[in-house]
Every structure is written in C-alpha cells, then in structure tokens.
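Model the full structure from these sequences, guided by the hints.
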Amino acid sequence: MLASSSQDTYIRLWKIQHHAGSDKDSFGVKVEQKLFSACKETWVIKLEAVLSGHEGWIYGVQWHPPIIDKEAKLVKPVYKLLSSSLDKTIIIWEPENAKNTTDGVWVEKVRVGEVGGNGLGFYGSKFGPNGKSFVGHGYNGSLRMWQLNEETNEWISKIVCGGHFGEVVDICWEPEGRYLISVSTDQTTRLHAPWHHNSGIQWHEIARPQVHGYDMSSLAIVSSTVFVSGAEEKVIRAFRAPQNFLQNFCNITTEKLTEIHTEEGPEGATVSSLGLSNKAIFSRENEYIELENKDNHEYFVPVNLTEPPTEETLMAYTLWPEIQKLYGHGYEVYALATRNGILASACRAADAQHAAILVCVWHETDKKEETSLGSYALVGKPLDLPNMSITALDFAPILLKENRIIAVGFESGLIRFYTFTNIEDKAWNLMIELNNSKIYIALAGPTDIILPFRVCDACVEYTRGSGGVYIECHLYIEVECPSTLGSSIHSSAPVPFTRPAT
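Residues in the sequence shown are numbered from 0 upward in steps of one, following numbering that gives the first Met the number 0.
Hints were generated in silico from the structure; no laboratory data involved. Keep in mind that the hints are not guaranteed to be accurate.
[To be verified] The calculated lysine to aspartate or glutamate pairs, modelled on EDC-like cross-linking and capped at a C-alpha distance of 20 Å, are:
#: 1; residue 1: K233; residue 2: E254
#: 2; residue 1: K108; residue 2: E153
#: 3; residue 1: K131; residue 2: E153
#: 4; residue 1: K79; residue 2: E107
See below:
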C-alpha cells in the first residue's frame, strides 16, 4: 500500500500487487490500473481509496511503524496513517474493520492540532517507535508532541523542546542569571529559564516576549524585568514584563522577580495582525482592556502555567508590552549594551555622520503612569571614530578612576576601548586599540600619543570564597614597551576585577 498527499487537500491510497491478468475487482467492476515491470515481473498499481478531511495543503503522510518483537521479528503490521496539513491539524486514519487489513472504508479516528494563533500549520509529522506518540513540526520551527493515554484512550499534548529556527544573533543573561533571552533572524525574541519539577531541572523556552516583522539584530537587558531590542529598523524598542509572566515565571522556576510597581503593571500584551508594537493589556474587575485603541483591542486571557507552555501559548499569550521607542539612528541598529542604568546603541554607518553611539539613561520612577526609559541623548562621534559600522558594544564591569569603560567593535575587526566620566560629555578618551594582534595604549601627557605594546604574558589569580563566590580577582598583563621609549621595559601590574577574567 502506498500513500500520497497533494495540495488539493486529498490523500490517495494506492495498492500495488502482482498482475493477475484481469482488470476487474471482486464485484466484476472494471477498475483503472497501470501496469509496470520490475524484477522481471509484471505489477499493477490502482487507486484504492481517497481520504478527505483536511482543508489545507497536505505536506506529510506516514504509516504507523510495524510491531517488532525483541528478536527483531515482525509481529504484525499496523494499518494506520498519519497526515499533517497547513490547516493546523494532524489526523490519524484507520480502516473501519479491526482485523489489521486494508479492506474496508478508511475513516478519521483522531484529529489534533492548533486553534487560532499565528501558526502556519504543520509541515510534517512522524510516529514514535511504538506508535503511541507522534511529533508534528511547523513552518516557524516549532515542535508539537502528543502521547496516547492508554487508560482513557486520549491523545495528550506533551512538553517538547523548542527554540529558534533562524540564526541566533545575540543573547543576554538576566542580571542575576535567572533567565536567558535570545534574539534571532527568525524575527522573534525568546526567553529561556530552568523548569523545576520532580524529575530535576530542565531548561525550556517559557516566553516569547517579542514577535516582530523585522529580523532581530541586538539585545540588552536593563533590569530584571526590562529589556531593549534592536532589529533591521531604525527604532530601539523597550519592553517590560507583564503580571501574567511574573506569576508564571515564579510557578515554573520557583524564582520571584521583584521590581517596583510590578503589582500595578499590565496583565499582558497583544499585537495587531499588521502591527509591530505590543500593546499593554490591563485588568479591571476581570475585564481585560487594551491600554490604547480600546475600540479595536485584541482578545487576551491570562494563562496560569506550572510547566513550560506549548507553542500556541508561546505565540499568543507570552508577549511583553512595549513601553517606549528610542529614536536617533538613521540606519539599522547593529549593537546594544547596558551597564548600571546606561544604555548604548550603534547602527550601520553608511557615512561618517552615522558612525555614532546613542546613549540612554534609565530612570526608574515611582509613578505608575511613567513607563519610559527616561532621558537619552546622542553622544556623537568619539575621538577619531572610524568611518565604519559598529558591530559590537560592551561596558566593562569596573570603573577606572571613576571613568566608565566601553569596548567598541567594528566591522573591520578593529576593537577600541573608550573611557568617559559623564555621559553628557561628548569628549570621550581613547584608551586602548586592538588591531591585528597588537595593542595600542593611549598615554596621557602634554601631547596625545598612541604607542603599540606587545603582550608578553598574562595570567589570572583569584580567591574563591564560600558558595563559589569569587571575592578577589587579579589579571596580570606583562607588556613590552617599544624602543621609541628607550630600552625595552618589562612590567606587570595587577588589575582588580570582581569576577574571573577570561
């Protein structure tokens, strides 16, 4: 028996057997059939049945695996067919008789799938080894699994692994390491956290705060419940965790995220079909209304989760509301970085004018109605900033004589360290330049000079305290000064860090 599916929403079953010399069935009815030769024998193929039940293109069919004993011998064949379609359903087909034959009328025995949401249906499905479970996969890289409950004879949706289906371009840890956020060219932002259950701890995707219309490019976490993201657009978007996520995060991870005024925040978020901004949803006497555009709000119902959500829940009920847009860049945002309430961003530099860094300051407020990131200002071009795109930004976790340090990476492979005291001061100072395995250190003096130093050796010494906490860390770098300063000088000096240097 051969099964085939097509875009006409039908499944066709074809019977292949030896040619018996007659083109009539057991009732004497003439049946259309095709003859072909294989292995020096004549075979005939004819249409056995047409299965109708799907409403969209059918992209996959699979037969139930045969039952094999411990000695790898066939016990009996099982005539069940699994089909998956773009109508968001998966169907198991069986003959009406229970004699493990293909005779009789094929009918739909089981139908599972998704209802609503932004999914585009199933592109394939596959039975498990024993046929008591099966997995379906969709266009957006999602997996869905169902398992048979033999006591109730019901197919139950189960938790399954998931993740991005496009290139992951940036990741960022929550300040205390309680969750991880990732962004990808699949136009989604996903939050991953440990699930604490009886069998142990497993990491799963537990929220999808942003489903965008542009490929994502960068990410930065401002606080435990606020992050900003950049995409192939000029705008930087800031998001805050809603009430429903905070409750579910506590249920799944046993960790509680605390932030001022979270108890008065929105319950969830929704996004219109052709929109890019997540609109906040507030609860009022069990009625859920949209913060803006109340006459045309999307339906939202909070979900109570004690385990990682399914794909349809991730897509529809785990969005974070957008609290502000940050403007200032003229091209696509390439890089974001944050440290101690300061946010830095950079975009593609098509000319020298756009080779700049936008710096924002995070001001937490005690007023419920104020949900912005506070004031922000364009810093402009630091000292002799190259006319090329900045592809990476990162703040140092330490201060150098009350100066902040930011590392800037360029598309050419060049890396520069800048120091600045006040973010409103546009005169940044170049500290070190790394290029082609050389280190250039800027020396302060009557005239600004930049001299190359060669690294001779480097080592790390640290002291570990109780609970695995690093109390004191030192990075020793031995450099050789160039001959322009006289004879070669070898020196080493400790640089204190509050965490291990890598």
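Pairwise hint evaluation, E254 against K233, where the allowed Cα distance is 20 Å at most: 35 Å, violated
message: Between the alpha carbons of K108 and E153, is the straight-line distance 20 Å or under?
response: 11 Å, holds
query: K131 and E153: Cα distance at most 20 Å?
result: Holds - the C-alpha atoms of E153 and K131 are around 11 Å apart, at most 20 Å.
message: So if I understand the rule, the pair passes when the alpha-carbon distance is 20 Å or less; does K79 with E107 pass?
response: Given pair K79, E107 holds - Cα atoms ~10 Å apart, limit 20 Å.
Consistency with the previously given hints fails for number 1 only.
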